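Peer 1: Spelled out from the first residue to the last, the chains are:
2 protein chains.
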Amino acid sequence: MTGERAIYLRDIPLDDAWAAFDAALEQAGLDGPFPAEDVPLDAALGRVTAQPVWARVSAPHYHASAMDGYAVRAGDTLGATETQPVTLQEGTPEDRARPAWPVNTGQPLPAWADAVIMIEHVQPLGDGRLAIHAPVAPWQHVRPLGEDMVATELVLPANHALRPVDLGAIAGCGHAAVRVRRRPRVAIQPTGSELVQPGDPLVPGAIIESNGLVLAAQVRAWGGEPIRLPPVPDERAVIRAAVERAAAGADLILINAGSSAGSEDHTAAVVDSLGDLLVHGVAVRPGHPVVLGMLHVQGRRVPAIGVPGYPVSAALTGEIFVKPLLARWLGIVPAPPPTIEGELTRKVLSPAGDDEYLRVAVGQVGERVWVTPLGRGAGVITSLVRADGIVRIPRFSEGHAAGDRVRVLLTRDPGQIARTVSIIGSHDLTLDLLAQFLAERHPAYRLSSAHVGSLGGLLALRRGQAHLAGCHLLDVDSGEYNVTYIRQYLPDAAVRLITLAGRVQGLILPPGNPKGIRGIADLARPDVRYANRQRGAGTRLLLDHLLGQAGLAPDQVRGYEHELITHLAVAAAVQSGQADCGLGVLAAARALELDFLPLAQERYDLALPLEHAAVPQVAAALDLLHDPAFRAAVAALPGYDISQMGEVAAEIRPAGSKPGI
Amino acid sequence: MTGERAIYLRDIPLDDAWAAFDAALEQAGLDGPFPAEDVPLDAALGRVTAQPVWARVSAPHYHASAMDGYAVRAGDTLGATETQPVTLQEGTPEDRARPAWPVNTGQPLPAWADAVIMIEHVQPLGDGRLAIHAPVAPWQHVRPLGEDMVATELVLPANHALRPVDLGAIAGCGHAAVRVRRRPRVAIQPTGSELVQPGDPLVPGAIIESNGLVLAAQVRAWGGEPIRLPPVPDERAVIRAAVERAAAGADLILINAGSSAGSEDHTAAVVDSLGDLLVHGVAVRPGHPVVLGMLHVQGRRVPAIGVPGYPVSAALTGEIFVKPLLARWLGIVPAPPPTIEGELTRKVLSPAGDDEYLRVAVGQVGERVWVTPLGRGAGVITSLVRADGIVRIPRFSEGHAAGDRVRVLLTRDPGQIARTVSIIGSHDLTLDLLAQFLAERHPAYRLSSAHVGSLGGLLALRRGQAHLAGCHLLDVDSGEYNVTYIRQYLPDAAVRLITLAGRVQGLILPPGNPKGIRGIADLARPDVRYANRQRGAGTRLLLDHLLGQAGLAPDQVRGYEHELITHLAVAAAVQSGQADCGLGVLAAARALELDFLPLAQERYDLALPLEHAAVPQVAAALDLLHDPAFRAAVAALPGYDISQMGEVAAEIRPAGSKPGI
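For the record, the sequence lines run as chains A and B. Reminder that position 531 of the first sequence reads as 1730 in the working numbering, one-by-one numbering, no gaps. Reminder that position 19 of the second sequence reads as 1218 in the working numbering, one-by-one numbering, no gaps.
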C-alpha cells in the first residue's frame, strides 16, 4: 500500500471511544436492532423476538372439559338434591331428554352442552341412566375457548429472549415458527506468525491461539454466530486481504492481535486502509491497545474491533465492546451481573487516567465479605479464571485503601461464594488436591486458597478473613511447629491445629545438578542464583534458619530478593534457568522432573479457629482428611507423609481462658 | 398384557416422592455424576468438567518479553545514569560485549538474557550501538516461564461449567480437548390420539403438541440432550412399545401425558409393566398427577417420569424433577434463581396438603415491591409466560393474607422489575400496543398491565401498587369521565389525567346477529345470554347505566353473573356461542370478525399520580403517546379516536391544597 498514514496509539477515555464508535455505527445505520428471520420453534430457544407474537388461534380453541366426566346442560341439572336425584341419560339431545355425554379431560364439549359433571359425582343406574345429586352451574369444569389466549391477543412482546415456556405459548396459539432477530455474524481473525493451535508441539516463541476460542465462545454466549478464521501471519498485505475477505460475510470483525503500535502491529493500519480508523487506544486497564474502526468493503460498512493480544485484555475487550454491541443488535439489555459488597483486604493503587477492571477473589467468613485483589498482569488468564468478580475502579479515582467497601460485579453464582471454604496462607500442593476432592464429593462446595505465606495466613485468620490457614512455621528454639506462632499472632482465639501432612523440603535443582550444589553453604557461591519465596512464607523462614545455622547472611545469597509465591513457581524458575536452585518441596521438583537435595522434614498444619468448625463446607473439607481416596492421592505425592493427616496436633486456647471454654 | 395390576393415583408429599425416586436411582447406580467424554475445546462451552484440568505445559512456556524493546543482561546495565549512559550493542554475546537483542512483546528472550529494556528507553547511536540512561533489574519486563500456569498445576476443578475464559486457560496450558461429563440423553415421548403439530389445521378436540417443545428446551437449557419422539396414540400396547424402544437409547424418559388415572391414562400402567412404578401422584400444585418409575429394559435401568398434560403442570414437573436430576448427573449445583421480597396485593388460600407453586407478577413502585398472584389454572401457560416469578407455599401452610411479605423466586432478571411500568386497571387493547412499542423503542423498559377494572386500578393507585391506572368511568350526573371518581377514590393525591384514546363501546354479536338483537332492551329476552365484565370494570358500570336508562334491572339479564375480565374474553365468549352478546369495544369485535352494535362513545384515560411522573420508564411510556407510529397503530384499531391522545384532560389536586403545590 502506498500513501499510508502514520498510526499512533493514543489512549482516550472509554466514554469517548464509545461515542466515536456510536457515531460511526449510527451513520452506517448499524446502531439498532437487526432484521428478522423466521425460525422453527424447536430451534428458537434463546433467540430474541423481532416483533410481537400475537395469538393466531385461541387456546383452547374450543370449549374443553377440564375433568373426566359427563358434558351436560346445566339447566337440566336444576333441582337435583341428595334425596331427590335428577336422572340423566347417556347420549345426545337428538335421542335423549336430559342428555349426558362422556368426556375426558381436554375433550371438546358437544355444541349443546355448557357444563361438565365430574365422573365421581355421577351414579350409573344401568341402561345408560345416570343419577346426579347436585345441580351444576353453567360453565363448571369447562375451560372455555380462549381461557389461556384469545386469537389476536398479544402473547409476547418484541425484544424478548425466548425461554422454554415461551415456546409452548407460541405453539399453543397456533404458530409453527417465530420471527426472531438474525444472529449477528462475528468473524474472528487471528493474526500472528507465532500462533499455533492448542495441543500442537511448542517451540520457544510459539503462542497458543487461545484468544479466538475465548472470543468465539463469548460471541456464542451473547447470542451471536462466531466465524473462526484460520490465523494469518504478521504481514500487513496478507492481514488486509484476509480482513477484506472476512468483512464480506460478517456483521463485525474482530482482529486479534497486533492492535498496539509496535513494528509487528498492523491492525490499526489495516483498518485505516479499509475504512475509518476511529479509535486507537482506550484508557482501560487491562486492555488499552484497542482499535475501533468502520470498514467500507464492497459497498458495505462493517465495524471492526482490534482486540489486544494479552488474553485478559482480549476477554475484557469482548466484555466492554462486543457484548454491548451484540445486545444492541439483538434488541436486548443484557442482565447485569449479580453484585456483592465487601471489604478490600489490601490497598489498591490504580493508574489515575484509566478505567481499571480489577480481578478479585471474594470470600465470605461469617457475615463479613472480603475482597482480595488478584494479579493484575494482562497475560495471566488464570487470574480471570480464578476471579470471583471484577471491581471497576473509575478513572481519576486513585484506588482504594485496605478496608474500603467496594462493589464487586460477580462472575460466579453469588450463592457459591457463601458455600466456599476460604483457606489463606502457605501454598501446598495438597490444597489443590483438597479443592479437587471437595468439588467432586460435594459439588455445592468450593475451596479457594490464596497464597500469602504461613504468617500471612495467621494474620488473615486474626482479621477474620479466612476459615483456615495453612502453615508450617518452625520454632527454632523449641523445634515445635506452628503452636508458638499461633499463640503470638492469634493470642485471643481458640484454635485447633490439624495436621495436613508431613513433607520434605530441600533444594530444587536442575536435572543433573550442573553446578554441583551440595548444601546450603553453596548458596553463597557467586555463580549460584537462588529463587526465594516471599516474606512471611514458612519456606523462607526455613531458609533463614538454615542460613543462620550455616553462618551465612541473606545478602550473601544472589537472588535472595527474587521472590516467588509458590513451590511450583520456584521449580519453574529452576527449570527455565532463571535460577540455579530454590528451596521447596520434593513434589514440586518431581512435578517438573528436576533434581532435589533434601534438607528438612516438616509438618504442614491447618489452623482452624473453633468459631468456624461448624461451618458446613469447612467441616466437609476437613472430613476429607479421613477419606481413603484423598489420603492415597496425597501419599502418592513424592515426599509426603500422611501418617498424622487429620490428627489434632494441638488445641490452643487464649491465655487466661478456662479449660473447656 | 396380562396380570396387570390396578393403578391408583395417590398423591404423596414431594419429599417422599423424591425419597422413593432417590432410593431407586441409588440402587440402579444412577444417583451420581455421569461418565466422561473428551470434547474439543471449541465445542466445550457450557459443558461440565468431569475431572480436574491440570496444566500440561507452563504458560508462558518460555521467558517472554512483556514489552517491545531489547533483551539484555541486567548485569550489563549496572551504573548507567542520565549523565553517564552505558552503551549496549545490538547482537548476541558471541559477537558483542554488552549485547542487546531486539524483541517484540511475547517473543522469547535469548538464553543469555535476563531482562528487557523498553524501546522508549533506548537511544540508538547508529552502528548498532544503543545508549541507556538507567540500569534495569533482573527479570524486568519479562513474563517468566510459568507466570500464568506451571505445568502440573491445577487449572480448573471437576464439576465446573466451562465459561469462555476457562476455554482459553485450558488451551493456554497445552490441551486441545477437555474431559467433560457426557450429556444426559432425555427421550421425550408424547402420547395422545388428539395431538397435532404446531401450525397444523385444528378441529375441536385437537391439542397442539407444545409440551414436548417445552420439555426439550428445558432439557437443553439444563445441559441435557433432548430426543423428541413422534407422538403415539392413546393405546397402551403402542405406548409400551414406544417407551421400551426409547429406553434403549436414553438415560431418562419423559412420557407426556396420560399420567393421571382416567380411562385414557396409560403412563402408570406402562411404567409398572416395564419396571417399578415408584410414585403415582405428588402433592404439588399445579402438577400433581406425576408418575415416577424405574424401567428395566434390556438389562438396563432407565428412570421414567410421567409428565402431566396441562402445560403449566408439565413445565413445573420439568423444574421439580428433571432439572435436579440432570444437575446431579452433570455434577453441578444449579445456581438458585434470584429472589426478591415483596408484599402480597391480595389474599391467597392454598390447599393445605399440597406444596403450591404460585405464579406471581412483581411490580416495584417507588421503594415498595408488590406481588400479585396470577391465574392458578394448570392449563393457562400464559400465566407462566407472564409471571415474574414463583412463590412457593409449603404444604400445611394455608396461604397468606393480603399484605404478607413473601419471597419470590424470580424467573426474570431482577433489574428488569425495577425498570417496569406498572399499569393496573381497565383493560384496553392499546395497552398491548403500548407494551409492544415500549419494548421496541426502549429495550431496557417493560410495561406490565394487570386487568382489574377501572375502579380496581384507582384503588391500586391509592395503595401505591401501580404507576398508572387505566380508567373509563362515566359520571352519569355530570357526563364527565374519570375526574369525579379520582376525587372520590384518591382524595389525597395530586393526579394528572392523560387521555389515551376515545373508543366506541357497544354490543359484540355473532356474525349476522342471528338473534336479531337491536338494543339494550333485548338483554331482557329469555333467549339472550349475556357475557358480562367483572365488578369495578368501567364497561360494567356503563352496562348498569344503560340498563337503568332502559328501565331494566340486572336480574332480568341472563348471564349478568357470567364475569370475564377483558374485552377479548367477551368477544371470545360470543364467538364460541357461550353467550349471545356482550358489551365491549368495537376493536374486540373486529379482531374476532364479529358483528357490533355501537351504543356509546367514551374516553379512556391514564391516571398518573404526579409522584411517579419523573420515573424514567413511566415518562418513556407516556412519551410514546406523542410518537406518530404509535398514534397511527392505535388509530388503525376499529373505533379508536386519537384526536385527544396525550392531552392532559385534568390536573386533580387534593381538596384544600394550594394551587401550585
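Because the hints were derived from the structure by calculation, they are not lab data. As the structure is a computational prediction, the values presented were derived from the model and not from experiment. We put the CB at the ideal spot given by N, CA and C, even for glycine. Treat the hints with care, as some may be off.
To give an idea of the interface, some chain B residues facing chain A are shown, with a C-beta separation under 8 Å as derived from the structure [as the list claims (entries may be wrong)]:
#1 Tyr1261
#2 His1262
#3 Gln1306
#4 Ala1375
#5 Gly1398
#6 Pro1403
#7 Ala1416
#8 Ser1462
#9 Ile1531
#10 Ala1534
#11 Gln1635
#12 Ala1643
Peer 1: Answer holds if the nearest beta-carbon of chain A is closer than 8 Å to that of B/Tyr1261; otherwise answer violated.
Peer 2: 4 Å, holds
Peer 1: Would you check whether B/Ile1531 satisfies its interface hint, that is, whether its CB is within less than 8 Å of any CB in chain A?
Peer 2: This interface hint holds because 6 Å falls under the 8 Å limit.
Peer 1: Could you check if B/Gly1398 really has its C-beta closer than 8 Å to a C-beta on chain A?
Peer 2: Since chain A brings a Cβ to about 3 Å from B/Gly1398, closer than 8 Å, the hint holds.
Peer 1: Less than 8 Å between beta-carbons is the criterion; does B/Ser1462 satisfy it with respect to chain A?
Peer 2: Constraint on B/Ser1462 satisfied, holds at 7 Å.
Peer 1: Do the numbers back the hint for B/Ala1416, that is, is its least Cβ distance to chain A under 8 Å?
Peer 2: 4 Å, holds
Peer 1: Against chain A, with CB atoms and a cut of 8 Å, does the hint on B/Pro1403 hold up?
Peer 2: 4 Å, holds
Peer 1: Hint validation: B/His1262 versus chain A, beta carbon distance must be below 8 Å. Holds or violated?
Peer 2: 6 Å, holds
Peer 1: Any CB of chain A closer than 8 Å to the CB of B/Gln1635?
Peer 2: 5 Å, holds
Peer 1: Against chain A, is B/Ala1534 within 8 Å by beta-carbon distance?
Peer 2: Interface hint status for B/Ala1534: holds (4 Å vs cutoff 8 Å).
Peer 1: Does B/Ala1643 pass the interface hint, meaning its C-beta sits closer than 8 Å to a C-beta of chain A?
Peer 2: 4 Å, holds
Peer 1: Can we keep the B/Gln1306 interface hint, with Cβ of chain A closer than 8 Å?
Peer 2: Since the shortest Cβ distance to chain A is 6 Å, the answer is holds.
Peer 1: Report holds or violated for the interface hint on B/Ala1375, using the least CB-CB distance to chain A and a cut-off of 8 Å.
Peer 2: B/Ala1375 check passes; min Cβ-Cβ to chain A is 3 Å, inside 8 Å.
In summary, the structure agrees with every hint in the numbered list given earlier.
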